[in-house]
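Taken in sequence, the protein lines are chains A and B.
Oh and the first sequence: position 96 is 96 in our numbering, straight run, nothing missing.
Oh and the second sequence: position 29 is 1029 in our numbering, straight run, nothing missing.
No wet-lab data here; the hints were simulated from the structure.
Be a bit skeptical, because a hint or two may be false.
Calculated lysine-lysine pairs in the BS3-like style (CA-CA distance at most 25 Å, straight line) [to be verified]:
#1 A:LYS136 x B:LYS1065
#2 A:LYS75 x A:LYS136
#3 A:LYS75 x B:LYS1065
Footprint (simulated), chain A over chain B, 3 or more residues, beta carbon under 8 Å [claimed, not checked]:
#4 1008-1014
#5 1022-1031
#6 1063-1077
#7 1081-1092
#8 1098-1105
Being a predicted model, the structure only gives us computed values, none of them experimental.
Even for Gly, the Cβ is constructed at its ideal location relative to N, Cα and C.
If you want the building blocks of each chain, they are given just below.
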Amino acid sequence: MAHSMNSISGKTEATKTYRRDIPNTWWLKKGSYFLFILREISSVFVALYAIFLLIQLCALSGGQERYESTAAVFKSGWMIILHVVIWVFVMYNMVTWFRISGRIFGAKPLSPVLVTISNYIIWLIVSIGIIFLLLKG
Amino acid sequence: MCLLKKINALEPLWWSLFGAGGMVAAFLLPAHIFIQGIAIPLGWVSPDMFNYSSLIGIVGNPIVKIYLFFMIILPLYHAAHRIRLTLEDLRIEWLNHILPLIFYGGATGLTVVTLIVLIRI
């Protein structure tokens, strides 16, 4: 609520701020709005995976029995489906992140596309490294 | 409301943690989720490492602990910052004042938990 001085009476008088009514479905109106909301939601899944890692580490510190019962939960069908959903959102988060990196760091003599592509190349090398370490380490 | 002021004064820190978390979430998480959350449970691969006695040995390594610490806490700050800014756009005034406390406080709380869990392993 904004206040304005009434020049004639000198009294302070409440005036109403004009607020355009934005429907709750604004993010369905345009493709780019929808992708924006998807990007914001993707961070929820990023956090969820970090919490899952923490839960698994917690179980590991609680001894063999507790670790194995927790590991069994993470092997159940609905947990695998949830991880596929998490993975899709985290991949989307990655795509948007590399696109933003291009815009931020892509000043001359570089270009946004060049920065984004080099991000993907580094991502590929890092991912292969992680997978190699997890499978053979 | 002194605490809230202090949290707001740390805005550059929250932005930095958001950026660092974005890097970790983009570069490290996809491969980990794919192998640990999908490929292993489905039985596509069965690495020797993922049983209790091997894991205890691997996670006991200080370098692995540091890696896991940042792999957990930075994505949490990344998500906390982004969700806070999105919820702020809903313009619920009483909620907006406490959003930083809820999200940065939550991420910091989980950071402490992560630290304790990793030290205990």
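Here is how each hint holds up against the structure:
1. Restraint check for A:LYS136 and B:LYS1065: satisfied, since their Cα atoms lie roughly 19 Å apart, inside the 25 Å limit.
2. Pair hint A:LYS75 plus A:LYS136 holds up; C-alpha atoms about 21 Å apart against a cutoff of 25 Å.
3. For the proposed pair A:LYS75 and B:LYS1065, the alpha carbon gap of about 24 Å is at most 25 Å, so the pair holds.
4. Counting residues of the region 1008-1014 of chain B whose beta carbon lies closer than 8 Å to any beta carbon of chain A gives 0, which falls below the threshold of three, so the coverage claim is violated.
5. With 9 residues having a Cβ less than 8 Å from any Cβ of chain A, the region 1022-1031 of chain B passes the three-residue criterion, so the hint holds.
6. Given as covered by chain A, the region 1063-1077 of chain B passes the check, having 6 residues with a CB less than 8 Å from a CB of that chain where 3 are the minimum.
7. Chain A is given as covering the region 1081-1092 of chain B, and this holds because 3 residues of the stretch bring a CB closer than 8 Å to a CB of that chain, at least three being needed.
8. Only residues whose C-beta sits within less than 8 Å of a C-beta in chain A count toward coverage, and the region 1098-1105 of chain B has 0 of them, not enough to reach three; the restraint is violated.
Hint compliance for this structure: hints 4 and 8 are broken, all remaining hints hold.
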